[in-house]
Amino acid sequence: MNTDKEILVALAGNPNSGKTSIFNSLVGANQKVGNFSGVTVEKYSGKKEYNGYTITFVDLPGTYSLTAYSPEEVVARNFIIEEKPDLIVNVVDSTNLERNLFLTTQLMDLECKMIVALNMSDEIERKNISIDTNQLNRLLGAPTVQTSAAKKTGIDELLDKIIKIKKGELETNTHKLFYSDNLEEQIEKIKQTIDSSKHLNGKYNARWLSIKLLENDKIVYNLMRENPVWIKINPILSEAITRFENKFDSEPEMLLTEERYSLIRGAIKETVTYPPKKKKSKTEFVDSILINRITGLPIFLFFMWSIFQLTFTLGDYPMGLIEDLFAFLGDSAAALISNPTAQSIVVDGIIAGVGGVLVFLPNILILFLCLSIMEGTGYMARAAFVVDKIMHKFGLHGKSFIPMITGFGCSVPAFMATRTLKSESDRITTMLIIPFMSCSAKFPVYVLITGAFFATKTAGNVLFGIYIFGVGIALLSAKLFKKTIFDDESEPFVMELPPYRVPTLKTLIMQMWFKAALYLRKAGTIILFASVLIWISTNYPANEEVAQQYDNQIAEVQSNNQLSDEAKEEQIAVIENNKLKSKLEYSAAGYIGKFVEPFFAPLGFDWRLSISLINGFAAKEIVVSTMATIYALGDADESSSALRASLSNDPSYTVATALALMIFVLLYIPCFAATVVFHKESGKWKWTLLYGTYSVVIAWVMAFIVYNISSLFL
Amino acid sequence: MLNRLENLPTHKRGRIVKVDGGNGALSNFESLGLEIGDEVEVTGKFPHNGAIPLRKENEDLSIGKGLASKIIIDTDEEIIISLDKAKVGDQLKVVKVKSDGEIRRRLLDMGLVKDAELEIVRSAPLGDPIEVMLNGFNLSLRLKEAEGIFVKFVDLNQEANRNGWYK
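Those protein sequence lines, which keep their order, are chains H and E.
1 is the number of the first residue of the first sequence in the working numbering; add one for each residue after it.
1 is the number of the first residue of the second sequence in the working numbering; add one for each residue after it.
Here chain E stands alone, though its shape is the one from the complex (with noise of 0.2 angstroms):
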C-alpha cells in the first residue's frame, strides 16, 4: 500500500518509490543522501520540532515534516492516522471514533461510525475547519474535532501536495 512518509508510525519501515514535489522537494530529498528504491525505516518521533528521524540501512539521518509528507512510501503496514492528519484528496475508512461527550454524539449521528469511507475535500481558506464527502453529503468539521476519528487509507491522493492548493 502507497502512503506518506509523514504517517510512517515509529519502528515501521517502508520503501520509496516517488517524491511527490516540485524541484524543490527533490533537490532537498536528494541532498539528504536519499533516492528512490530506498528502504527506511521510523526510528523515532519529535513532536516539537516536527522532523522525522529515520534509518537508511545503517545510516541515521532526520528530515522535516514538510519533506516527509512529499515522500511516497511502499509498505505493508496499515498505517491508522487521525482524521485531522490526512490531506485533500485521500480517501480513508474510519477505524475508530475516541471523541467524548457532544461531539462524538455529533459524529456519530452524521455518520462517522466504524467502517464508513469518507474523502477529504478542501479545507477552509484559512486551513481549518475542513471538509470531508460521506455517505453522498458534505460535513465540515474543526481539525480539533477531526483529532479524534481514526482512520486508515483506502487510497492516497499523491497530487495533492503538488496541486492541491486550488481545491
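Next up, chain H with everything else stripped away, as it sits in the complex (with noise of 0.2 angstroms):
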C-alpha cells in the first residue's frame, strides 16, 4: 500500500448519516464484508478505479464519537492510527450538523488528513437551509464536498478531491481545533511531557494522547500507564483535574466537550441559514401516530407479526423447494452411486448437510430485508422506543425484543439479528436466552406427544403454556445473567431518532446479501461438516451380524412361495424397520443414548428417549423421526397415530414423563446449526460453553420438577 497510485481511505461518519449509502455508491457491488480483528465489528471494504489511482474505501462503523466506551468507536479509532489512511472521509448529515460535526472536532484533534462529505445535500435543498461551504472549509481547515447518495450527486467531485489531496494539489488538515487557553495550557504542559519520551515517538500523536488523558480516556490511561514517562505525566495530570476543579467546578473532559460544541453551534452561526421554522416535520407527524401514547404498541406488535408471518411462513415456499431439490438431487445421485456406503455418504451425509446449511438461506435473507428496512427507515429505534420498558426490567435492551421474537420461528436468524446490539453484555444476554422462545421444529415434538397424551381440548392449552413456560424461562434467565455475570450493566438508552427516510433499494440489497453471506462462509462449512460427523455417528459402527441376520429374514420372507406378494411386502417392511432400529442401537449414537440414559432417569425418561434427545441435537424434529425408528415404525411422523399409540401404549411412559419430555425438549441445547451459528456470533468459547451447559442445567432441572410434581398429582 501507499505506493504512488494506490489510497487508502477510510470513511467516518454518525449512523444515520447515510455513510454506508455513499460508500456503496463510491465501489458499487465491488466489496467484502469481514470482522475488524478480534470484535464482532463488521467491515466493509471496497476497491475503485479512478483516473488511474486505486482507492480501497474502508466503511469504518457508525459512531457518534471516538470515546473507549463502545467497541464500535475503539475499533474506529485504531484504525485510523494504526492503519494510516491516507485520508478520512468524514461523512456528516448536512440536516443535522451539530450533532455530526462533533465527530468532525474528534477527527480533528486526530490531526489526520480529512475531507468533509456533507451528505444529503438533496434534503437541504428541499429544505432551503443554505450552508456557506467555502467558510465551513475555512474554520473546519478541511475540504467539504456536498454529496447525495439518493441524487447521487457529489460522488465524483468527492473522487476527485481524494486524487487532489494525494497529489498534493488541495490543502487539508490546515488548522488545529483550539480550545481556551486553561485548557491548551494543560495540553502543552502534557504534551511537552510526552515529547521528551522517546517510547511513544511516532506512533501515536502527542496532542491527541493529551487530550484523551485530560478526557479520562481508559485505554490511553492505560497505554500511558505501562511507560516510564507516566511517573511525570500523572502528578501534571492530577493537578490539572484538581485545578479545574476548583476554577470551574467541572472536569476537564466536561469542559472539552462543552468547548467543542460551543466551536460547531458558531462555526454554524457563521455558515448556515436556516429558513423560518415549518408548523411540523413529516417525521414528527409520522411519529405522533406510529409511537404515540394509544396506537405505538398496537402498531410495533403488528409491525413485528408482519416480519415474523415474512420471514416464517413466505419463507415456508422457497424452503421446500429447497428441499425438494435436495431431496431430488439425493435421489439421482441414489440412482448413480451403487456401493450401499458411499451412496449413504453421498446422499444422507454430504447432499442432506448441504441442504440442511441452504434451507436456511429463505428465512435469512428475508429476516435480514426486514430488519435492514427498520433500520433504513429509522423504524428500528423507534421500536425500541417503545417497548424498552419492559425489556429494560429484565435487563434487556428495547432492541432485544426483534431477536427474541425471531426465536419463535429459528434461533439461527435470531442470533444474527443480535447484531443490531451494540454492547457486548445485552447481544450475549440476549442470544443466551433465545434458546428458550420455542423454535418452530420444536413443534412436532410437542404435537406428537400432545396428540399421544393429553385430549384433543386440553392439548392445545398444554402447548400454550410450553410457549408460555419457555418466555419466563427466558425473562428470568436475563435478569439472572444480567445481575451475575454482566454486574448489571446494560448499553444506555441514549440514542437518536433518527428522521424518517426511505433507503435506497441498492442498500438494502446489499446488506441483506452480506448477512446471508457471512452465514453461508462461516457457518455454513462447519454445518456440513458437523451434519456429516452425525451421519456417521448414527450409522457407525455398523454391526454386520446383525443386519446380516436380518437381511436373511428378509431372504427366507422372499423365498417363502406360501406367501403372497402383498403379504411378503408387508413382512418385509417390517423386518426392514426393525433392522433400522438395530442399526440405531448398535451405532455410536445409540451408545451414546445408552450411555447417558442414568442421567435421564430422574426425568422418567428410558433409553429410547435419551437417544431421540441425543440425535436432536441434529435438528429438533429429529427427535420424532427417531423415535420412530426406534419404535420400529419406519418413517411415521408426528401426525402418526401408529406412533402416538406406541407412546400411549407404553407402560413405562405417563403424562408426567410426557411433560417432562416437553419442557426437557423447550430448554436443552438447540440444534448444532444454531449452535455453530452462536459460537460464530459470539466470538467466545466461555459463552458457548455457558450456552451449553446452561439450557442443559436448566432443562434438566425443570424437567426433574415438572415430572416429580406431576408425578404427585397426575
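Source of the hints: derived by calculation from the structure; they are not laboratory data.
Computed from a predicted model, the values in this text were never measured in an experiment.
A hint or two may mislead.
Rough simulated footprint, nothing fancy, chain H against chain E, three-plus residues with beta-carbon under 8 angstroms [stated by the list, open to error]: (1) 25-31; (2) 99-108; (3) 140-152.
Cβ atoms here follow ideal geometry from the backbone N, Cα and C, with glycine treated the same way.
Taking the hints as your guide, dock the two standalone chains into a single complex.
Encoded structure:
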C-alpha cells in the first residue's frame, strides 16, 4: 500500500448520516465484508479505480464519537491510528450539522487528512437550508464536498478531491482545533512531557494523547500507565484535574466537550442559514401516529407479527423448494452410486448436509431484508423506544425484542439479528436466552406428545403453556445473567430517533446479501462438517452380524412361496424397520443414548427417549423421526397415529413423562446449526460453553421438577 | 417566571396564577381552601407518599403531587429540576450533567452539555423512555438516565397536563 497510485481512504461518520449509502455509491458491488480483528464489528471494504488510481475504501462503523466505551468507536479510532489511512472522508448529515460535526472535531484532534462530505444535500435543498461551504472549509481546515447518495451527486467531486489531496494539489488539515487558554495550557504541558519520551515517538500523536488523557480515556490511560513517562505525566494530570475542579467546578472532560460544542455552534451560526421554522416536519407527523401513547404498541406488535409471518410463512415456500431440490439431488445421486456405503455418505451425509445449510437461507434473507428496512427507515430505534420499558425490567434492551421474537421461528437468524445490539452484555444475554423461545422445529415434538397423552381439548392449552413457560424462563434467565455475570451493566438508552427516510434499494439488497454471505461462509462450512459427523455417528459402527440376520430374514420371506406378494411386502417392511432400529441401537449415537440413560432416568426417560434427545442435537424435528425408528415404525411423523399409540401404550410412559419430555425439549441445547451460529456470533468459547451447559442444566432441573410434581398429582 | 408548584423547591415561595386542569382538579384545589392569587411556600417534602406540605399565610396544608403539577405559580426563583421530572412540551436548558461513566459520555457526545436547549417531545407508550428534541434532532433516553441531567425552564408547557395524552 501507499505507493503512488494507491490510496487508502476510511469513511467515518455518525450512524444515520448516510455513510453506507455513500460507500455503496463509491465502490458499488465491488466490496467485501469481514470483521475487524478481534471484535464482532463488521468491516466493509471496497476498491474503486478512478483516473488511474486504485482507491481502497474502508467503511468504519457509524459512531457519534471516538471514546473508549463502545467497540465500534475503539475499532474506528484504532483503524485511523494504526492503519494510518491516507485520508478520511467524514460523512456528515447536513440536516443535523451540530451533532454530526462533533465527530469531526474529534477527527480534527487526530490531525489526519480529511475531507468533509456534507451528505443529504438534496434534503438541504428541499428544506431551503443554505450552507456557506467555503467558509465552513476555512473553519474546519478541511475541504468540503456536498453529496447526496440518493441523487448520486457529488460522488465524482469527492473522488477528484481525494486524488488532488493525494497529489498534494489540495490543502487539508490546515489547522488544529484550539481550545480555551486554560485547556491549551494543560494540553501543552502534557504534550511536552510526552514529546520528551523516546518510547512513544512516532506511533501516536502527542497532542491527541494529551487531550485523551484529560478526557479520562480508559484505553489511553492504560497505554500511558505502562510507559516510564507516566511518572512525570501523572502529577501534571492530577494537578490539572484539581485545578479545573476548583476553578470551574467541572472536569476537563466536560469542558472539552462543552468547548467543542460551542465551537460547532459558532461555526454553524457563521455558515448556515435556516428558513423560518415550518409547523411540523414529516417525521413529527409520522411519529405522532407510530409511537403515540395509544397506537404505538399495537402498531409495533403488528410490525413484529408481519416480520415473523414474512420470514417464516413466506420463507416456507422457498424452503420447501430447497428441500425438494435436495431430495431430488439425493435420489439422482442414489441412482448413480451403487455401493451402499458410498451412496449413504453422499446422499444422507453430504447432500443432506448442504441442504441443511441452504435451507435456512430464505429465512435469513427475508429477515435481514426486514431488519434492513427497519434500520434504514428509522423505525428500528422507535421499536426499541416503544418496548424498552418492559425489556429493561429484565435487564434487556428495547432492541432485544426483535431477536427474541425471531427465536420463535428459528434460533439461527435470531442469533444473527442480535447484531443490532451494540453492547456486548446486551447482545450476549439476548443470545443466551433465545434458545428458550421455542423454535418451530420443536413444534412437531409437542404435537406428537400432546397428541399421544392429552385429550384434544387440553392439548392446545398444554401447548400454549409450554410456549409461555419458555418465555418466562427466558426473561428470568436474562435477569439472572445481568445480575451475575454482567454486573447489571446495560447499554444506555441514549439513542437518536433518526428522521424517517426511504432507504435506497441498493443499500437494502447489499446489506441483506452480505449477512447471507457471512452465514454461508462462516457457519455453513461447519454445519456441513457436523452433518457428516452426525451421519457417521448414527450409522457407525455398523453391526454386520445383526444386519446379516435381518437380511437373512428378508431373504427367507422372499423365498417363501406360500405368501402372496402383498404379505411378503408387509413382512419385509416390518423386518426393514427392525433392521433400522437395531442399526441405530448399535451405532455410536445409540451407545451414547444408552450411556447417558442414568442421567435421564430421574426425569422418567428411558434409553429410547435418551437416544431421541441426543439425536435431537442434529435438529429438533429428528427427535420425532428417531422415536419412529426406535419403535420400528419406519418413516412415521408427528401425526402418525401408530407412533402416538406406541407412545401412549408404553407402560413406562406417563403424563408426567410427557410433560417432562416437552419441557426438556423446550429448554435444552438447540440444534447443531444454531450452536455453530451462536459460537460464530458470540466469538468466544466461554459463551458457547455457558450456552450449552446452562441450557442443559436448566432443562434437566425444570424437567425434574415438572416430572416429580406432576407425578404426585396426575 | 411561571412554573408548576410541584417543581418549587423547599422553603421557596410563589403566587398561584392558575389551575391547569379539569373541574375535578379545580374543586380539589378549592376544597383545600386555596384561591388564585394566594402566596404559598413549600415547607418540606415527603418523598414517600408524594404529598407536598405548604404554608399559606399562617395556615399549614398538604397537597398531593398530582394536583401540585396542575397548579401554575409565578415565582422569582430559578427552578432547577432533573430532566425526568419535566413534562411533555416543556422547554428547558441544561445546567449540569451529573451522571457517571458511560452514560455521561453518551449524553455529552449527543450534545447534552451546559446551555444546550431542549424540549420534551413525548414519553413512550409505557411512560419510559422519553423523547427530547435538541439541536434539531430527536433523542430518546430512559427516565433513570434523565435523572442525572439538571435543567432550568425556558418555557413551561401549561397545556401539557390537560392535552398531553395524545402527544
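These are the hints, each one checked on the structure:
| no. | hint | in the structure |
| --- | --- | --- |
| 1 | 25-31 | violated (count 0) |
| 2 | 99-108 | holds (count 6) |
| 3 | 140-152 | holds (count 4) |
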